[in-house]
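*Asks:* Below are the chains, spelled out letter by letter.
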Amino acid sequence: MNSSAATLSSLALSAIAGAFASGCGSPATYKDSRGNDLVVSLDKVNVQDFNQAADKLVQSMATSGVLANAPRKPAVLGISRVVNDTSDQFDTDQLLKRIRVALLQTGKVQVSTTVGLGGRAEDPMAKGTKDMNDFVSGKGSAVPDNLPDYTLTAKILENRASAGSTKQVTYTFQMSLTDVRSGNAVWEGNEEITKQGSKSSLGF
Amino acid sequence: MKLTAIFLPILAAACNTMNTVVPASTGGGPGQPGFQQVVTNGWLNSKTNVTDVREDVVNGDQKRVQVTVYSDQLTTQNFSYHFEWFTATGMRVQSATQAWQSRQIKPKESLTLQSVAPSPDATQWQLKLLDTNHPLDQ
Numbered sequence: 001m002n003s004s005a006a007t008l009s010s011l012a013l014s015a016i017a018g019a020f021a022s023g024c025g026s027p028a029t030y031k032d033s034r035g036n037d038l039v040v041s042l043d044k045v046n047v048q049d050f051n052q053a054a055d056k057l058v059q060s061m062a063t064s065g066v067l068a069n070a071p072r073k074p075a076v077l078g079i080s081r082v083v084n085d086t087s088d089q090f091d092t093d094q095l096l097k098r099i100r101v102a103l104l105q106t107g108k109v110q111v112s113t114t115v116g117l118g119g120r121a122e123d124p125m126a127k128g129t130k131d132m133n134d135f136v137s138g139k140g141s142a143v144p145d146n147l148p149d150y151t152l153t154a155k156i157l158e159n160r161a162s163a164g165s166t167k168q169v170t171y172t173f174q175m176s177l178t179d180v181r182s183g184n185a186v187w188e189g190n191e192e193i194t195k196q197g198s199k200s201s202l203g204f
Numbered sequence: 001m002k003l004t005a006i007f008l009p010i011l012a013a014a015c016n017t018m019n020t021v022v023p024a025s026t027g028g029g030p031g032q033p034g035f036q037q038v039v040t041n042g043w044l045n046s047k048t049n050v051t052d053v054r055e056d057v058v059n060g061d062q063k064r065v066q067v068t069v070y071s072d073q074l075t076t077q078n079f080s081y082h083f084e085w086f087t088a089t090g091m092r093v094q095s096a097t098q099a100w101q102s103r104q105i106k107p108k109e110s111l112t113l114q115s116v117a118p119s120p121d122a123t124q125w126q127l128k129l130l131d132t133n134h135p136l137d138q
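Residue numbers (my numbering), protein chains in the order written: chain A, 1 to 204; chain B, 1 to 138.
I should point out that these hints are in silico values taken from the structure, not numbers from a laboratory. Heads up, some of the hints might be wrong.
[Stated by the list, open to error] Straight-line C-alpha distance at most 25 Å; calculated BS3-like pairs for lysine-lysine:
id, chain 1, residue 1, chain 2, residue 2
1, B, Lys128, A, Lys195
2, B, Lys128, A, Lys56
3, A, Lys167, A, Lys199
4, B, Lys63, A, Lys97
5, A, Lys56, A, Lys97
6, B, Lys128, A, Lys31
7, A, Lys56, A, Lys44
8, A, Lys31, A, Lys199
9, B, Lys63, A, Lys73
10, B, Lys106, A, Lys167
11, A, Lys73, A, Lys139
12, A, Lys155, A, Lys167
13, B, Lys106, A, Lys195
14, B, Lys63, A, Lys56
15, B, Lys106, A, Lys56
[To be verified] Partial chain A-side listing against chain B, Cβ under 8 Å, derived:
id, residue
16, Arg98
17, Val101
18, Lys108
[What the hints assert, rightly or not] Covered stretches of chain A (in silico footprint by chain B; criterion: 3 or more residues with CB under 8 Å from a CB of chain B, positions within the stretch not fixed):
id, segment
19, 50-57
20, 65-71
Beta carbons are placed, not taken as given, at the ideal position from N, Cα and C, and that holds for glycine.
From just these sequences and the hints, can you work out the full model?
*Replies:* Structure below.
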């Protein structure tokens, strides 16, 4: 009797504790990834940081007018070296893809997926098909018509500082657009995103 | 005094709604289209009051807009903003990069907010302003 009463008591306590614990947490909800109520972290690059940096860099490139003076329209852009020099391990396409999509949307640029850094095509099947088409049409030995007019390089850097319990991190997004005819950079962008606080938070 | 300190943020939070700025049909001159502010949040408007709007074209055929806002507050304030772009027929043009941005504005400071249309067919714009880092949001 005592044993069953003790079991019942412990079950009741477990149920109450479980209900209490579940009541304390907030349930997962969907958020607008372009909104202003996302988690702000001091130890990693957040999705809104990529959005802000990409937006500023694309606008800077558009404002420079460099793509309006391209040798052909739309100009062909090759993606060159992109370096993540931060302590946060992330795929650099989180930045690059946003920029590529935005540039393509302007109608002034097309990104080559068959010419890549070190001779590696981003889309091997497209490269194989194009090579076959060129061979069949007799253009096999001619200069390829999909060589980039411009190449894009990028680097993401991190700078940390702290004072007492306040931590600060700055992520720097650097980007260069090189005209392959001259070999010189015709546009360069540098955007910094600084976050400060003692712990990660919600919203900005 | 204490009651004011408690209730003012509550009242302000209750009215934490969005302000919107759109170009007006009557212009103020070349490159200055005139503007219309839809103010639903007086507190937010006191730190992001629009004083000037300018437009030009960059990159050959992409519209650029610049909106100047002024803060009448005596302390540094935070807000966030977002430009939305539309075609001439009013259809929204989505951009891969455009998202809410946060800004800090110092007392009695004017600062400019800029946006470039994501594509040449995006000719209409709308600026949305929102209060951030409200005391009750902390």
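*Asks:* Does each hint fit the structure? Answer for all of them.
*Replies:* Results of checking the hints against the structure:
{"no.": "1", "hint": "B/Lys128 x A/Lys195", "result": "holds, 23 Å"}
{"no.": "2", "hint": "B/Lys128 x A/Lys56", "result": "holds, 18 Å"}
{"no.": "3", "hint": "A/Lys167 x A/Lys199", "result": "holds, 8 Å"}
{"no.": "4", "hint": "B/Lys63 x A/Lys97", "result": "holds, 23 Å"}
{"no.": "5", "hint": "A/Lys56 x A/Lys97", "result": "holds, 14 Å"}
{"no.": "6", "hint": "B/Lys128 x A/Lys31", "result": "holds, 18 Å"}
{"no.": "7", "hint": "A/Lys56 x A/Lys44", "result": "holds, 20 Å"}
{"no.": "8", "hint": "A/Lys31 x A/Lys199", "result": "holds, 21 Å"}
{"no.": "9", "hint": "B/Lys63 x A/Lys73", "result": "holds, 19 Å"}
{"no.": "10", "hint": "B/Lys106 x A/Lys167", "result": "holds, 22 Å"}
{"no.": "11", "hint": "A/Lys73 x A/Lys139", "result": "holds, 22 Å"}
{"no.": "12", "hint": "A/Lys155 x A/Lys167", "result": "holds, 23 Å"}
{"no.": "13", "hint": "B/Lys106 x A/Lys195", "result": "holds, 18 Å"}
{"no.": "14", "hint": "B/Lys63 x A/Lys56", "result": "holds, 15 Å"}
{"no.": "15", "hint": "B/Lys106 x A/Lys56", "result": "holds, 22 Å"}
{"no.": "16", "hint": "Arg98", "result": "holds, 5 Å"}
{"no.": "17", "hint": "Val101", "result": "holds, 4 Å"}
{"no.": "18", "hint": "Lys108", "result": "holds, 7 Å"}
{"no.": "19", "hint": "50-57", "result": "holds (count 4)"}
{"no.": "20", "hint": "65-71", "result": "holds (count 3)"}
In this structure, every one of the numbered hints holds.
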